[in-house]
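Chemist: Based on the hints, put chain F in the right spot on chain X.
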Amino acid sequence: MSAVATSWRLGNPAVEEAPAADVPSPARHLRPVITDRVPPFGAAQSDVPPARRLAGRVLARPSLPSLVGLLLVVAVFAVQDLDLLGWGGLATVLDTAAMLGIGGVAVALLLIAGQFDLSIGILALASSLVTALLIGHADWDVWPALLASLAASVAVGLVNGFLVVSTGLPSFLVTLATFLVLQGSALAGTNALAGSGRVGGLDDEPGWSSAAAVFGATHQIGDGRFRISLLWWLGLTALGAWALWRTRFGNAVLASGGARRAARELGVPVRGTTVALFCLTAAAGWLIGTLGLIRLGGVQATTPGLGTAVDFIVVAVIGGCLLTGGYGSVVGASLGALLYAVTREGIVLAGWDARWSQSLLGVLLLLALLANGEVRRRLKAVPRS
Amino acid sequence: MSTAPPRDGAAPARRALIELRRLTVRYGNVDALARLNATFRAGEITCVLGENGSGKTTLVAVLSGLRRHDDGSLLLDGEPMRFRSPRQARAAGIATVWPDLAVAPLLSVWRNFFLGAEPTRGVWPLRRLDLDRARDATVRAMARVGVPDVDPDAPASALQAGERQSLAIARALHFGARALIVDEPTTPMTMARQTLFGQAVLAARGQGLAIVMVTNNPRYAHLIGDRFLLLAGGQVAGNLTRDDVDADMLTALMAGGEELSTLTATLTALHPELGER
Numbered sequence: 001m002s003a004v005a006t007s008w009r010l011g012n013p014a015v016e017e018a019p020a021a022d023v024p025s026p027a028r029h030l031r032p033v034i035t036d037r038v039p040p041f042g043a044a045q046s047d048v049p050p051a052r053r054l055a056g057r058v059l060a061r062p063s064l065p066s067l068v069g070l071l072l073v074v075a076v077f078a079v080q081d082l083d084l085l086g087w088g089g090l091a092t093v094l095d096t097a098a099m100l101g102i103g104g105v106a107v108a109l110l111l112i113a114g115q116f117d118l119s120i121g122i123l124a125l126a127s128s129l130v131t132a133l134l135i136g137h138a139d140w141d142v143w144p145a146l147l148a149s150l151a152a153s154v155a156v157g158l159v160n161g162f163l164v165v166s167t168g169l170p171s172f173l174v175t176l177a178t179f180l181v182l183q184g185s186a187l188a189g190t191n192a193l194a195g196s197g198r199v200g201g202l203d204d205e206p207g208w209s210s211a212a213a214v215f216g217a218t219h220q221i222g223d224g225r226f227r228i229s230l231l232w233w234l235g236l237t238a239l240g241a242w243a244l245w246r247t248r249f250g251n252a253v254l255a256s257g258g259a260r261r262a263a264r265e266l267g268v269p270v271r272g273t274t275v276a277l278f279c280l281t282a283a284a285g286w287l288i289g290t291l292g293l294i295r296l297g298g299v300q301a302t303t304p305g306l307g308t309a310v311d312f313i314v315v316a317v318i319g320g321c322l323l324t325g326g327y328g329s330v331v332g333a334s335l336g337a338l339l340y341a342v343t344r345e346g347i348v349l350a351g352w353d354a355r356w357s358q359s360l361l362g363v364l365l366l367l368a369l370l371a372n373g374e375v376r377r378r379l380k381a382v383p384r385s
Numbered sequence: 001m002s003t004a005p006p007r008d009g010a011a012p013a014r015r016a017l018i019e020l021r022r023l024t025v026r027y028g029n030v031d032a033l034a035r036l037n038a039t040f041r042a043g044e045i046t047c048v049l050g051e052n053g054s055g056k057t058t059l060v061a062v063l064s065g066l067r068r069h070d071d072g073s074l075l076l077d078g079e080p081m082r083f084r085s086p087r088q089a090r091a092a093g094i095a096t097v098w099p100d101l102a103v104a105p106l107l108s109v110w111r112n113f114f115l116g117a118e119p120t121r122g123v124w125p126l127r128r129l130d131l132d133r134a135r136d137a138t139v140r141a142m143a144r145v146g147v148p149d150v151d152p153d154a155p156a157s158a159l160q161a162g163e164r165q166s167l168a169i170a171r172a173l174h175f176g177a178r179a180l181i182v183d184e185p186t187t188p189m190t191m192a193r194q195t196l197f198g199q200a201v202l203a204a205r206g207q208g209l210a211i212v213m214v215t216n217n218p219r220y221a222h223l224i225g226d227r228f229l230l231l232a233g234g235q236v237a238g239n240l241t242r243d244d245v246d247a248d249m250l251t252a253l254m255a256g257g258e259e260l261s262t263l264t265a266t267l268t269a270l271h272p273e274l275g276e277r
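Note that the protein sequences, when read in sequence, are chains X and F. For the first sequence, the positions run 1 to 385 when the working numbering is used. For the second sequence, the positions run 1 to 277 when the working numbering is used.
For reference, chain X alone in the conformation it holds in the complex (with noise of 0.2 angstroms):
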């Protein structure tokens, strides 16, 4: 032990180096050190109680302030003795929820590479736009029209993606880009090929019925309607939970986020991960605008705004994702879309104004960012040295 320390002391320039002949051989003297032996400066045992640890592990949980804010606004609601909890409100608040969770659960994937996404939004209306577009213009049928539109949008994420990955630039400008191109054209496009923005009466096209079943289901119980939405959107955030933990892609997302540069030094193919999660939004935009679209039986183009695409990203970081990447919760992005559509649904039935919703929103946007600076530093207690 004293050759150890006298030899690791050499790095101090003000100690005499020990001459050689000290020790028999390098070799002897150095084996000690590689040893399994404990280390003296390694890793301390934790001395820290179980609960403590738990109450850490649990703290540090990004999905955690989302959970909270859910329990507490319906408590807050639920005092009002509302229509909320019953059937008619469930199915209410769960439509409102889905739509927003499966932008929510693409988002929040994107947010945790790092990115973000403006689009997913407008993309929503200009691909259902599309599909309408064909089906009672170009007289195609339904399931085609579809494929068409989805093919599209994803061209558009993948358009997103290049851009994003070979120009460098922050995907906040890329997409908002992307946003206004779209915007435009979908309502210019609609205008000059429908001679209005309205396309309608899709609903005794071929293969409509069947479509209705995939994306316009309902089931009736007691006086709530519930909507096939709810499944596409349970369903993508099971998928979406299990693809980040527990796959070698969403390894790679939240890499990506989180250290860009070590991940591609350690060749994860960080390019391409990013890529695919602008399609992944761009897909997700496709599946709200038709879901939409099936349940009108035809689309209005209206100017939807950058709310939309705010609303997702709101979610997801009420959800506990970090806006500087690598670290978030897509099971909180849903929870983040259901207290976002309690909120909303809540301050109707309760008879406020229902503007009202927006600044509460705002201050539940900045408890989540408060929060998840908190969960960071928990997580990143690093010890100085």
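Calculated directly from the structure, the hints in this document are not laboratory data. We treat Cβ as the ideally placed atom computed from N, Cα and C, and that holds for glycine. Where hints are given, some of them may not hold.
Partial chain F-side listing against chain X, Cβ under 7 angstroms, derived [as the list claims (entries may be wrong)]:
1. 86
2. 87
3. 106
4. 115
5. 118
6. 129
Just the calculated beta-carbon pair ranges, DEER-fashion [said to hold, decoys possible]:
7. 162(X) - 119(F): 29 to 35 angstroms
8. 162(X) - 125(F): 23 to 29 angstroms
9. 143(F) - 83(X): 56 to 62 angstroms
10. 143(F) - 185(X): 55 to 61 angstroms
11. 154(F) - 221(X): 43 to 49 angstroms
Modeler: Just chain F now, kept in the frame of chain X:
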């Protein structure tokens, strides 16, 4: 554990694992590395020393596959190589320990350990990470480089600084690397950190890896290294063994370019075989 190698000059020459022949890397018109000749042998620690801008970082980039060389050749076990990506270099058996530690701070230790090469089970649509195997292998590999009792589920940021480098070295050993490129952080390291790190590097040498260590600390280099490659202006300014120099001389060599070239000239005159390398 294999026996530590003898360090006296009479030892039989070790197998050359990586050879650089007239290796040149240009950034625009500037030669970051100019016709560099060097040999890195298995079971030896070669310390690369030099001032900032002497080409150390470029050498690491070429060896690790981040940068392709423009001229000359890089031989790995006699085979000429030209890496297109870090992944290729890693597949060929050259592992790199980066100064930024190549660690995603929020991910757990085992996720970091297996990053880019995760063990899986099941067939494709259901192919998933083999969590138990990954955790187990992480704990065992970390124990091998002298960091016992790691909690594989703790975030990597909970590791001590030296342990993070050990993680990278354990990773290299686990994936059967033949060569280990260590680019030391430029920030000064504490004693604890260097102890852990040195332990891991020596463990890797014990496994017969060729180790290329880029360092700024000549005393530490002299303590741990078998050979010293001095770089200046992208060229070899000196190629010394442990018997040629002591720590003070190495420090002096690091300190100034002039002294360095004089000494190299003297040494080459004394040992004509040095010039051939």
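Chemist: Confirm or reject each hint.
Modeler: Here is how each hint holds up against the structure:
1. The restraint placing residue 86(F) at the interface with chain X holds, with a minimum CB-CB distance near 5 angstroms, inside the 7 angstroms limit.
2. A distance limit of 7 angstroms between C-beta atoms decides the matter here; for residue 87(F) the minimum to chain X is near 3 angstroms, and the interface restraint holds.
3. Using the Cβ-Cβ criterion of 7 angstroms, the hint placing residue 106(F) at the interface with chain X is satisfied: the shortest such distance is roughly 4 angstroms.
4. Nearest Cβ of chain X to the Cβ of residue 115(F): about 5 angstroms, under the 7 angstroms cut. The hint holds.
5. Annotation: residue 118(F) was flagged as interfacial toward chain X, and the flag holds, the nearest CB pair being 5 angstroms apart, inside 7 angstroms.
6. Of the supplied interface hints, the one on residue 129(F) holds, with its beta-carbon coming within about 5 angstroms of a beta-carbon of chain X, less than 7 angstroms.
7. The supplied range of 29 to 35 angstroms is met by residue 162(X) and residue 119(F), whose beta-carbon atoms lie about 31 angstroms from each other.
8. With their beta carbons about 26 angstroms apart, residue 162(X) and residue 125(F) fall inside the hinted range of 23 to 29 angstroms.
9. For residue 143(F) and residue 83(X), the hinted distance range of 56 to 62 angstroms is satisfied, since their beta carbons lie about 60 angstroms from each other.
10. Checked against the hint of 55 to 61 angstroms, the C-beta distance between residue 143(F) and residue 185(X) comes to roughly 60 angstroms, which is consistent with it.
11. Between residue 154(F) and residue 221(X) the C-beta distance comes to about 45 angstroms, which sits within the given range of 43 to 49 angstroms.
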